[in-house]
Every structure is written in structure tokens, then in C-alpha cells.
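Chemist: Next come the chains, spelled out residue by residue.
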Amino acid sequence: MRKGWLVFLLVLIISAQLVVLSSFRDAEADGFVNGNSVVAIAKWDYVQAGVRISVTPQPLSVTPQPAGESGPVQLVFSNGTSIGINSTYTITLQLPRTGDFFGNGAISGTLALSEDQPLNAIVEQNVGDVSTYVNLLKESETSSAIPIDLYVLVVVGAAQVTVAVYGVAL
Amino acid sequence: MSEEATIVAKVEELMKALDQVKRYRALSRLLIDFALIILVSVVLLLSWDLAVNFYRMQSGFYCYYSTPMSYTCTASSATGSPFLQLYAGLSPLVISAAGVLIGVYWVERKLRSVRVEEWKEILKEGFPGAVKLLQDLKWDSVLDDIRASKIGYSVYFVVKVTGYWLFASILLFFPYVLGISALHQDVNLFIPASLSFVLVLVLSRNDLQKRYGQVVSLDNLMWELRWFSSEFKSAKFEA
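From first to last, the protein sequence lines are chains D and Z.
Letter by letter, the first sequence follows residues 1 to 170 of the numbering used here.
Letter by letter, the second sequence follows residues 1 to 239 of the numbering used here.
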């Protein structure tokens, strides 16, 4: 009888493991950016995610072009600090789980989120006024019933940007 | 051959069949051990997969098979420990193979330790020994054992085939992914799973026929014993 309970316990563990495994989601975005560009990552608050952003400055699009020179590209982080880069710069971020939500929801728009896509990323180039664009993003995200976490990175200059997000929605 | 010698021969045949039933009965009891071992290997396999997923989430690196045997979770420019990559690459194969093989080994070992042919000494006494053996038999429990062993044997075969199927699926997965990548086609897990199922059925067809024959013979034995037990109970023997 004790073995029977052990089988039951193992089946429960396997079921829980399968639930967690099926809750992993990924999102990717990349593109060549120029001017004032925005990299944005959105997720439902109950999602925990790891983000890897890679920014490679591209040769200056000026004439005459300086031989072999790239950048400079400036990165402005969401807390307001900024750095200038001349070579590939990789950022690894952890976006923690910030809340609980029981139920489902969905939002459409630039950064669409849903039950099947609980995290998303975009690379939007040459947005003009960054603060207006970011405010628009935030407004669309606040219309959701489920709280949303938004992370924004501003890239100023010509660069190749790659974003990979991998998270678990539990 | 005298009538008494015929009866002794028949009883010997019966006792051999009952020894077989004893083994099958033990097998049906061991089934839960086998299931436990398989379930533990599944838990380990899923834990490994979860660990890779969490590592990927923490590190931000994409995890992939850089070669069919080497699993890596680092950027292509950085290289992790080759031993660790090899270990991670082989883990699904090793864990599933170990689960099935340990399970089968455990069951086979326990079955070998089942005590049989304990009746041989008594049967050496001839006809009186044969009658004594028949009188000592607990018919109701014998019939129950046959019924339980029939079910246990069938379930054991199904679980064993499922275990081999899991192992073969993982084994076939690597050459399949390598081949399909070379052809620039999408990976469809249904294909190696179906292929391995057919392969396991083909390879175990002799075993399948043997098990089927044994289940049928157990069925026949049960009917014969039912008849015999009622005849035996109504008859009177003098040893």
C-alpha cells in the first residue's frame, strides 16, 4: 500500500513538472536601428523572465565613411543612466515575477500579450521623440486588466540589435 | 505405464505449471516496483529538462545541440566545459536507458529468487506423495493466483514495451534531427515516436507471441483446474 502511495506521489510530481515545462515561453526581436530607437520588453506581472539584449554598433552612415569605424552608439537604460559603446555590448537581465493573477487576458497593439504569449519584445527604430513613444507604449499597456511589467532600453545611433526573452508563466 | 505412474506424471506436470504461476504471481507483485523505477527515471528526465530551461532563463543563453552528443547553453563564441556538454547531451539517453534497464534487471533478479520445485522431494515418494501434494493444495488461492498472474503478465508486457519505446524514441531522435536538419526540413517529433514504436513492436514480436501464448495457456490451465478441483474435492483417496 505504501508503494501505491509512492506511485501516486510520483505521478503528482510528474504532472507538476509537465505543467511547469509547458509554462516556458520565448520571444525574439531583432533589427537594424538608426536614430532614436526603442527596445521594449513587456510581460504579464506573473511571468519571470531572463532577457539577453545584444547591441552591435554599425559603421557610420556618413560620407566620407571613416575606415573601419563604428558608432558611437549610446544606450539609455530605464533608470536614466546611459553609456556609450563602440563594440558589441550584451546585457543580461532578470525580470522578476512581481505579482499574481488568476485568470486570462489579452492586449493587442505593438506589444501584444495574451495567455499563449505572456511575454513579448520589440525593436522599433527611429521613433523620433522617445518619451512620447514610451508614454504611448505605457498607456496601451495600462489598459490591460492584468498588470504588465514594461522594460525599455533606448538606443541612440546606428546598430544591430538582437533581443531574446525566455520566461516562465506560473 | 501403470495408472499410479501416470497420476504421478500428471501431478508433476501440474506442479510445474503451478511453479510457473508462482513466478507470474511474483511478477504481478513486482510490477509496482517496475512502475516505481520507470516513474523515478521520468521524474529525473523531466527535472533535467526543467534545469536546462531554468538555466536558459537565468543565463539568457539559448540551449542547443552543437553536435548530436554535445548540448550547450552558451553563446557560440563562448565554450563551456566539454565534459559538461557531453554529459548534458547524453543525459536524456542515459536516464531513460538506465530507468528501463534497471527496472528489467530488478524484476528479472527478483523473479529468479522465487522458490520453485520444492515439491520434488515429496513427489519422489510416488503415488502417495502425489496425493499428499494434491491434498495440500489450496485450490481457491491457486485459482486466484492464476487470475492475478494473467493480469500482471499482460500489464508487465505493456509497461516493458512502453519503456523500450521511450528509450528507442530518444535514441532515434538524434539521427532523425541530424538528418532532417541536413534536408532543411521542420522537425516533427511524431515521426521518430511512430518509427520507434513500430521498431519496438517488430523487435519484441517473438516476446509478444510468447507472452500471448502464456496468457492463453494460463487461461486453459485455470479452466482445467477448476474442473479438477471440484472433481478432487468430491473424490476420496487413501494414501
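It should be emphasised that the hints constitute simulated quantities derived from the structure, not laboratory data.
The model shown is predicted, which means the values in this text are computed figures rather than measured ones.
C-beta: ideal position from N, C-alpha, C; glycine also.
Misleading hints may appear alongside valid ones.
Unchecked claim - Label pairs and their in silico Cβ distance ranges: (1) Z:117 to D:170: 55 to 61 Å; (2) D:30 to Z:184: 18 to 24 Å; (3) D:170 to Z:93: 25 to 31 Å; (4) Z:93 to D:72: 45 to 51 Å; (5) Z:197 to D:135: 54 to 60 Å.
Chemist: Checking each numbered hint in turn, tell me which of them this model violates, lowest number first.
Modeler: none
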